[in-house]
Every structure is written in structure tokens, then in C-alpha cells.
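Chains as they are written, first to last, in UniProt numbering: chain F, 1 to 331; chain U, 1 to 745.
Do not rely on the hints blindly, as some may be mistaken.
Derived list of chain F stretches under chain U, where covered just means 3 residues or more per stretch with a C-beta under 8 Å from a C-beta of chain U [stated by the list, open to error]:
hint	segment
1	60 to 74
2	132 to 146
3	225 to 234
These are computed hints drawn from the structure, not numbers from a lab.
Remember, predicted model here, so these are calculated numbers, not experimental data.
For every residue, glycine included, the Cβ atom is placed at its ideal position computed from N, Cα and C.
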Amino acid sequence: MRPISYSRVSDVGTAIGTVAADPTSAFLAGGTNQVDLLRIYVEQPRRLVDINDLPLKQVEELPGGGLRLGGLARMSDVAEHPTVRRRYPMVSESLVLGASPQLRHMASVAGNLMQRTRCTYFRDTEVACNKRSPGTGCSAMEGVNRGHAVLGTSECCIATHPSDLGVALMALDAVVQTESPAGQRSIPIDDFYLLPGKTPEREHPLSHGELVTGIDLPPLPVAAHSRYIKIRDRESYEFALAAVAVAMSVVDGRITEIRLALGGVATKPWRARAAEAALDGAPATTDSFTRAAEAELATAVPHGMNAFKIELAKRTIVRALTEMTQREGSA
Amino acid sequence: MSPAIGATLNRVDGRFKVRGESRYSAEVQVTNLTHAVVVNSKIASGRISAIDTSEAERAAGVLAVLTHRNMGRVATVPRLLPSLAGLAAPGQSFFPMQDESIHYGGQPIAVVVADTIERADHAATLIRVEYETTPATTLLDQDRDRAYVPERIFGGLLPGQNSRGDVAKALAAAEVCVQATYRFAPNHHNPIEPSASTAVWDDVDRLTIYDSTQGPNSVQLTVAELLGLPPISIRVVSHAVGGSFGSKAMVWHHPTLVALAARHVGRPVRLALTREQMFTSCGHREEQEQQITIGAAADGRISALRHHKYSLTSRFDDWAEPSLQSAAVAYTNPNYEGVYHLVRGNTITPTFMRAPGEASGMFALECAMDELAERVGVDPLELRMRNVSDTDPSSGNPWSSSGLRECYQRAAELFGWHDRDPQPRSRREGQWLVGTGMASALYPVTQPVNPQRAKARLYNDGTAVVEAGVSEFGTGVFTAMTQVAADALGLPPERVRFVGGSSDLPNITAAVGSAGTSAVGSAVHVTVCELRDQLIRRAVADDHSPLHGADPARVQVRDGKMVLSDRPDVGETYADLLHRTMTPDVEVLGTWNPPPQDAGYGIHTFGAQMAEVVVDAELGVVRVRRMVGVFAPGRVLNRKLAHSQLMGGMLWGLGQALLEATRMDPRLGRWANSSLADYLVPVNADAPDVVVDTIEQHDDVVNPIGIKGVGEIGVVGAAAAIANAVHHATGRRMYELPITLEKLL
Numbered sequence: 001m002r003p004i005s006y007s008r009v010s011d012v013g014t015a016i017g018t019v020a021a022d023p024t025s026a027f028l029a030g031g032t033n034q035v036d037l038l039r040i041y042v043e044q045p046r047r048l049v050d051i052n053d054l055p056l057k058q059v060e061e062l063p064g065g066g067l068r069l070g071g072l073a074r075m076s077d078v079a080e081h082p083t084v085r086r087r088y089p090m091v092s093e094s095l096v097l098g099a100s101p102q103l104r105h106m107a108s109v110a111g112n113l114m115q116r117t118r119c120t121y122f123r124d125t126e127v128a129c130n131k132r133s134p135g136t137g138c139s140a141m142e143g144v145n146r147g148h149a150v151l152g153t154s155e156c157c158i159a160t161h162p163s164d165l166g167v168a169l170m171a172l173d174a175v176v177q178t179e180s181p182a183g184q185r186s187i188p189i190d191d192f193y194l195l196p197g198k199t200p201e202r203e204h205p206l207s208h209g210e211l212v213t214g215i216d217l218p219p220l221p222v223a224a225h226s227r228y229i230k231i232r233d234r235e236s237y238e239f240a241l242a243a244v245a246v247a248m249s250v251v252d253g254r255i256t257e258i259r260l261a262l263g264g265v266a267t268k269p270w271r272a273r274a275a276e277a278a279l280d281g282a283p284a285t286t287d288s289f290t291r292a293a294e295a296e297l298a299t300a301v302p303h304g305m306n307a308f309k310i311e312l313a314k315r316t317i318v319r320a321l322t323e324m325t326q327r328e329g330s331a
Numbered sequence: 001m002s003p004a005i006g007a008t009l010n011r012v013d014g015r016f017k018v019r020g021e022s023r024y025s026a027e028v029q030v031t032n033l034t035h036a037v038v039v040n041s042k043i044a045s046g047r048i049s050a051i052d053t054s055e056a057e058r059a060a061g062v063l064a065v066l067t068h069r070n071m072g073r074v075a076t077v078p079r080l081l082p083s084l085a086g087l088a089a090p091g092q093s094f095f096p097m098q099d100e101s102i103h104y105g106g107q108p109i110a111v112v113v114a115d116t117i118e119r120a121d122h123a124a125t126l127i128r129v130e131y132e133t134t135p136a137t138t139l140l141d142q143d144r145d146r147a148y149v150p151e152r153i154f155g156g157l158l159p160g161q162n163s164r165g166d167v168a169k170a171l172a173a174a175e176v177c178v179q180a181t182y183r184f185a186p187n188h189h190n191p192i193e194p195s196a197s198t199a200v201w202d203d204v205d206r207l208t209i210y211d212s213t214q215g216p217n218s219v220q221l222t223v224a225e226l227l228g229l230p231p232i233s234i235r236v237v238s239h240a241v242g243g244s245f246g247s248k249a250m251v252w253h254h255p256t257l258v259a260l261a262a263r264h265v266g267r268p269v270r271l272a273l274t275r276e277q278m279f280t281s282c283g284h285r286e287e288q289e290q291q292i293t294i295g296a297a298a299d300g301r302i303s304a305l306r307h308h309k310y311s312l313t314s315r316f317d318d319w320a321e322p323s324l325q326s327a328a329v330a331y332t333n334p335n336y337e338g339v340y341h342l343v344r345g346n347t348i349t350p351t352f353m354r355a356p357g358e359a360s361g362m363f364a365l366e367c368a369m370d371e372l373a374e375r376v377g378v379d380p381l382e383l384r385m386r387n388v389s390d391t392d393p394s395s396g397n398p399w400s401s402s403g404l405r406e407c408y409q410r411a412a413e414l415f416g417w418h419d420r421d422p423q424p425r426s427r428r429e430g431q432w433l434v435g436t437g438m439a440s441a442l443y444p445v446t447q448p449v450n451p452q453r454a455k456a457r458l459y460n461d462g463t464a465v466v467e468a469g470v471s472e473f474g475t476g477v478f479t480a481m482t483q484v485a486a487d488a489l490g491l492p493p494e495r496v497r498f499v500g501g502s503s504d505l506p507n508i509t510a511a512v513g514s515a516g517t518s519a520v521g522s523a524v525h526v527t528v529c530e531l532r533d534q535l536i537r538r539a540v541a542d543d544h545s546p547l548h549g550a551d552p553a554r555v556q557v558r559d560g561k562m563v564l565s566d567r568p569d570v571g572e573t574y575a576d577l578l579h580r581t582m583t584p585d586v587e588v589l590g591t592w593n594p595p596p597q598d599a600g601y602g603i604h605t606f607g608a609q610m611a612e613v614v615v616d617a618e619l620g621v622v623r624v625r626r627m628v629g630v631f632a633p634g635r636v637l638n639r640k641l642a643h644s645q646l647m648g649g650m651l652w653g654l655g656q657a658l659l660e661a662t663r664m665d666p667r668l669g670r671w672a673n674s675s676l677a678d679y680l681v682p683v684n685a686d687a688p689d690v691v692v693d694t695i696e697q698h699d700d701v702v703n704p705i706g707i708k709g710v711g712e713i714g715v716v717g718a719a720a721a722i723a724n725a726v727h728h729a730t731g732r733r734m735y736e737l738p739i740t741l742e743k744l745l
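The following block holds chain F by itself, in its conformation from the complex (with noise of 0.2 Å):
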């Protein structure tokens, strides 16, 4: 490992003007993903400013009837909490199904967000990659790439977001809480994420020294009907290669609301804004589901080893709706 200043702040204050002012610094959180990236140096920083000891780790409730995820909460403490578990069950079984226990006792919400891409070009220091060395190219486009991503590529790009709160909160439209020397931001989640177009390097709409303080769930009563289903090759400990967070209240057979988002295919958490659409209104049948799936993935681009994931997350989202009908219609 190259040499690393460290240092252990306790306000949020001194963690960004330390940040901000050093553009070679980064802030160390749960570091389960950092580190990683520290060792195979994809990440360089010559100064890690551990906020650990700052003050927002809460989950609180907000006027009005939201809730507010510390930025620092571990994902384990947010899973389990039982305000989180009765009105946003999608978001409690997200963070349960992602990662191992132990790393979920060490991963912040925060963190869990900014959390990078694990394609392999991406981690191999080695080799083209334009969202690691700008300019290269994509080895990915080519490659091993049975994991990457079918929805908001770009000829540069087409690794996935790793993230299942990510969906989440993408189907929940989650208003990130940001602080910087400038002042304090509220970024709709939607925003938070950027598609990599022609800049995969950038992730995050955030200027250098930016911390996540907090993620706000609004109050949205469907929420608390709500799940999130995850595709993988094994039980435990991997990323998906499809999930689905959905919302959905159905009233005499016709669905009045829902809230679809897609991980495990997309460059960011994807909002399913074409299947809502069709959705809306619909019967609450395979049918609707199905022609909702097939919207969805209309955009999708396929790149050799990964083209069963078109397939797989339209399946994926029919089963997901499917479910949650049962569950509606049992209730």
C-alpha cells in the first residue's frame, strides 16, 4: 500500500473542511468496499479522514411523517429496525439480502451508496477501463461480462451498480442529505445517480468534500407493502444478477399505485418508469405484468455473456408483481 495519512474526526464540520481541502483526501466510513480498493489501488488517497465518530448514525423520524437514515447507520441497525421493517419492508429486506452479516455490521448506509462498480476491468489496474483511467476504453464491452449491465449503458460503459438499497430507495424517490464547505444539499436519489454516458468516472452529481449526512425516506403509506426480490447463483454473499423493488396497492383488481425499480442490470439503480407507466391503472394480471416487463426492457442492450439478464429481470419483475398480488389479495 502506498504511504496514507489517517486521521479520526468528530464533527461533521472538521471532516469536510479537512476533506474539501485536500483534493488527494477521501472520507473512510465502514470502509468494507474502500479498503478493497486501497489494496488493489484502484483508489489512491494520500489522506483518509475517518468519520466514523461523527454523529449520525440515528435513524429518526422527520416531520411529517418521513424517516431519516444517518448517514453513517450501519446497514445491519437499519435492517432491523423496526420502524424501517413495518413502513418500508423493501428497504429492511434490501439490506438483509446484500453482502454477508459481518460486512453489513461494518457498512454505513452512506457508504453502501457510494459503493463502486465490482466489474473486473474496473478492479484490474492493468487494464482499459474508462470509468477508472478516463479515456481508455471499455475491456468490459468485450469481455467476462456476465454480471454487467443491459439498461443506461453507453458506448463507454456498461458496468452494474452494485447496490440493492440503492433500488430501494430508487422505487421510494429517497432525498440524499448532503453537507460541503458550500452548505447543505438535498438531492432526490434519481439525481444522486448519474448514467455514464461519456463520463462513467462520475458517479455522483458531488463535489469533492461532499459528505452524505442522511437519507430521507418520504412518507408514502404503499411503502409499507412493498418487497424486494434478488437473483443470484447462490443463496448468500452475492451480488444480484437481477433484483426487484416493488410498491404496489391494488384496489378491486386494478392497481392504483406502484413503485417498480430494477438492480443487478443497470449502471445505476433503475427506476422502472416505462413499467409503472403501463402499470398504472392496469389489472393486476400477468398479462399487464408482462407488458410491463416487456416495456421496461425494451431500451435494454445486450453484450454476449450477459444478454439472459433482458430475459431474467423481465421474469424477474413479473414474478416480483406476481407475488405481491398474492400477498395483496391474501391480506
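Dock chain U against chain F, hints included.
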């Protein structure tokens, strides 16, 4: 008669391991220690045209940067020879860093030594390498048209082809033929402890290597040949080994590289391979394809088997894992043809891995058998029963012991096989299609070639220490040896200590091919029996012993006492005898001479595997619900250890079936998933309900303790049972491993 053998003795090393007190090879305390990091080639074929180490050499804490220009030269490059032979056992007939040529991705090209691991690691990134790249072959299909049939494979131990009868004629005459081609992704071992070596030179000709290995003596002999030193100059110590699965069965480059580096810097050097380096430094199971044709009568009786394997080997060696051995003798079939076809590629020489050969060869045979069962309309279990061979079909010799029929029957009972509806896709539970499948398990018993030795010493307080140069890499061998020695000496296990893990101890061949426990166990048994007999002879010859004048053959040992067989009240303890005769201890060095491989018997281990899977009808996800494995491994030394090992093997079979695949990027000539996050092995959540049982068979041919080994047989057939269950669930045949969900969408 054997109170300790067969009992469920807890692991003698268990307490140290769970308390973190076992010292692994990268944890041994050494003064003045330095740390090495290996730099690996980023290309798969070509040469280093320039290498600039100046910046690395100037980096803080760096003691040396070694490349092909200044790395010590090896005295000789010994030829690959499986470590079972008990001689020098290099993993490949090549040693790196002797010139600028590059033969495979990940080949070591530099070693950096520094005062801390972090500084060595950082300096390694400062080395600038320029390559001249030549075209590389890293996939079987890239060079398939240049496949050749080797004269011999496996370090010369096995022929490249084998036949009996007339296969072409028999297939032409067969009423039913099943023909299928199976493809296997490359696999890597992934033990939890990556290989590590620590080298300490006490003098120019006194080297100690702490090494993570399945065979301390193999390391000693191999490093001695490479360094041009006599074996007496080298001591290899292996206190604890965190798993291996074949990755530490052969001797790879790291112990020699670290010895050369330590000699260069004049200080002890430690080298721990990284997880990523474990994918290019210790061999792997090669990418392969197997073509199989079974000819049978309408009632399913097999008349012919043709079995060809195509696989990728290295530039240096004619290596193929021996996939055709068990399939050739699994069933009665008078006409057989087995041929290995090799394609030379830019890879490290592949190596042993988890039931080497048979895990893939029996997969092909047992999946084809399932197709045959379907074609002739016979229950898969009944088909196998019809084809059981009571003799070794390759020689006509009787089996030393079998138990295969009993395994089938017991497995069927435990599993509830007989209720099965043979119709594919006949069972559905909600989204899940449910299916069951079975397979036979066979694994050859390979005898060590050379004498196996052990030493036993009984002290005058009635405790005994038994020593042999075997390492404990997770199998429980130290525990089993404690039991073997305790029984023969008539001592409770807590009064016996087994010591292993050093090349200074009596010579034992590397513990490979499921032969580890039988090799050391036989040596220990022979040795402690001789010690016991000496003590009895002393007693009956001693005027003052209550046993004076007795016939030694009529003296038994039990509870630390020698007594008359027919009058157990007459006798004395070992301690009494030794105290009275003022003898501090009695020691014996014993030797077991293994029988020749062809001793007039077919020697194989047999078993039966059954599995129930569920397949998501829409999403293709396969999950294994339960597995039953019943095996006949001769005698079982320790039920708990044996069943744990067999269960572990079955779960590795699950991994082979559903998860494990190393993916080559042929453009780079490098693996694209060299991490535990990307190379999937089963986790606890994948583990189904696993039932293991053993059918004990008396076998006095195989070795004096009658054991055939349980290290690999649990793997064999497990993947086939799962694939056959997937067919039963879905109606779809799986011809490629692993069975990932896109194959079932």
C-alpha cells in the same frame, strides 16, 4: 477390540484452532523477519523486453528487488512427478525468473523484499515492465485442431490411452447407444489459507522453510534439487495448514523463490501469496470437454464404453487430471476405449483438485447413465444394479472389497428413492419444479510407492509419543493417528500424543489422492504394534514380571497394561515394567512397505449419491434441498471426522455442479474472476440437508488398517446426482458445468 478406532474422538487440534492458537506458515514467529511480494506477468505469452526496478529499489524499506537478471539460478529443473511417488514433486517442469520468457499469465517475474509487507507491496507497484507479446492459447477451442494424444499423462504415471475388447464393433452392435459431450469450466481450489512460506537460513547450507503443504518431505526434496543442496540441508516445517484441496499437494515455486530471496538479503523472508495469486500459482482443474458413448442392450446392460477427454495443458507438461480411471471400471463392460487429447496452452500446469479426474469423469459417465436409464425405461438405480461388476473389469481381478450394492440400497432407504415417479417435470410445488437424481461414486485407491515410516516412543510413565512427517491440513489426521496408536498400545487416547508436520520426522509421502491417512496410518500401526510386541517380549523375558515365561502371543494390552488373554488379572503396566528395569523409554522406528498397485486385486472406493433439487420454473434458479451420500471406505477410523470430510466433499460437489467456474479472458490471457467474491463456492446458506452414512467393509488387502480414504469419494458423483435431478425436475439435460440459471431460462 478397538476401543478408540471408530469412536467419535474430537479433534486433538480443535481447541488450538478455535482459540486462534495454531501457527500457520505466515504466522510463525521469526526474528529479523522481512517480507516478500511477488510480481506476476500481465501477459500470457512473450518475453520481458525491459524491466525498470530503480524506483522500487529506492523505495523506503526495500532490501532487494529480484528479477530474472539477479534472481539466483536453480541447479536443475526437476520434471513434474505427482507427490504420491514420494520423491521431488514440482507442480510443473518449469521454474520462473531464470530468463525473460513468459509462458503464462501470472508467471512470477519479480520478487520484492522489504522490512514490512506494506512497503514490499508498495515497491512492487513501482516496477515498470515492458513486454513483447506473442499470441497465446488460453482456451481449449482456440487450438483444438492441434490436439494430440500424449504417450503418458500425469507425470508419466498413466498411459494416454487405454482399451480392451473392440469398442467400434460393440457399439455398432449395441441395441441402444447414448452419446453425449460434457463441458467443464476450469476450477480453482480456494482453500481459506493462501499458500505461504517463511525461509530462514541458519548457515549457507542450513535452511528451514515453514511451508503450507500437504507434504513436508516433498517440499524438502524438491527445494533441495532446485537449490542443488543435499536434503540434510533443508528442514521443512508445517505446523498448521488452512485447507488445501490439492493446491498444496505439489510443490510450487514460492518456497524456492523465498529461499533464494532469503539467501540474497541474508535475512529470513516471508512470502504469503495473495488470494489473486492463488489463481495462478498452484495449478487448477483444467478446462475440459468429455465425449462419452455408451452401448447397451435393450435391458440396459452395458456392452461398450467410449470415453474421450479434451483438455488444456501447459507448455511444459502432458498433464490431464485422470478423468478416465473410475469410469472405465464402474460397470461391467467388456469393450472399452479411453483416450486423453491435450491442447498446449499458455497456462501454469494444471494439478490435482478435489477428487482429481473422477469428479469430472464420473460426472460424464453418470449423466450419460441417467440418459441410458431414460432411453431403456429402467429406473436409474436399477440400471446401475444391473451393471454392477463383481470384478475389476479392466483386469478381471476381484475387488479387494466393494460394498457398492449395499451403498445403493442404504442410500435408497435413507433418501426414499423407491417412491420416485420417473417422469421428468412431474412434481411441482408453487414456483418450484422438484426433481431427484442419483449417481455412483468411485475413486481409485492409489498405493504410495515408497516405504512409509513412523516412530513411536513409550515413556516409563505409560505415555507415548508417535511421530511421522505428515502435515495436518484439515483432514483430522493427527486425531486419527492418535486413535490408531492408542488402540495398538492399549492406551487411552489422552495418553498418546501424535507429532507431525516436519520433514525431520520419519518419511511419509505427501497426503494426496485420498491416500494420506492410509499411508501414515499403516506406518503408525506397524510401528506401534512393533513397540507393543517389544514391550511384551521384555515382560515375558523378565524374571520379576508377572508375565514371566508367558507366550507373547497370549498377552494382550489394555488400559496401559499387558495381561494374559485368558487371565486378565495376571499382568503389569508398561510403567511398572519400565520403572523396575530402570528403563526411561522404549522407542521403535517402523516401516510399512505398501503392496504393489497390481497385487491381484482391483482396489477402489465405492459409494452412492442422491440429491433432490428444486428449480425455479421461470427464473432458472437451482437450489439443492437434500443430499444423501453413502460410501464404503473400508474401515472408518473416526466416524465424526470421516462423516465431516465426506459431507464436505458432497458440498464441494454441489459447488462443482452449480457455482464454480474460473473465467478466462482470452484477450488478456488472464483469469477474470480471481477473488472469493467472483469465484463462487457454496456458502452455508446453500448447504442443504446432507445425510452421510458409511458401509464398513473388511479389507485386509488394501493396508494393515483396512482403510481406503474418505478425502475425495464424497465429491465424486455429487454433481452428477444434482444434474440428473435437474433433468428430472425440468426435463432438460445439462451438458455444461456449472449449471447456472441462464442455461435453464
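Status of the hints after comparison with the structure:
For the segment 60 to 74 of chain F, the assignment as covered by chain U is violated, since 0 residues bring a beta-carbon within under 8 Å of that chain's beta-carbons and 3 are needed. As drawn, the segment 132 to 146 of chain F meets chain U at 5 residues by the rule of a beta-carbon pair under 8 Å; at three or more, the given contact holds. Requiring three or more residues with a Cβ within less than 8 Å of a Cβ of chain U, the coverage given for the segment 225 to 234 of chain F holds, as 3 such residues are present.
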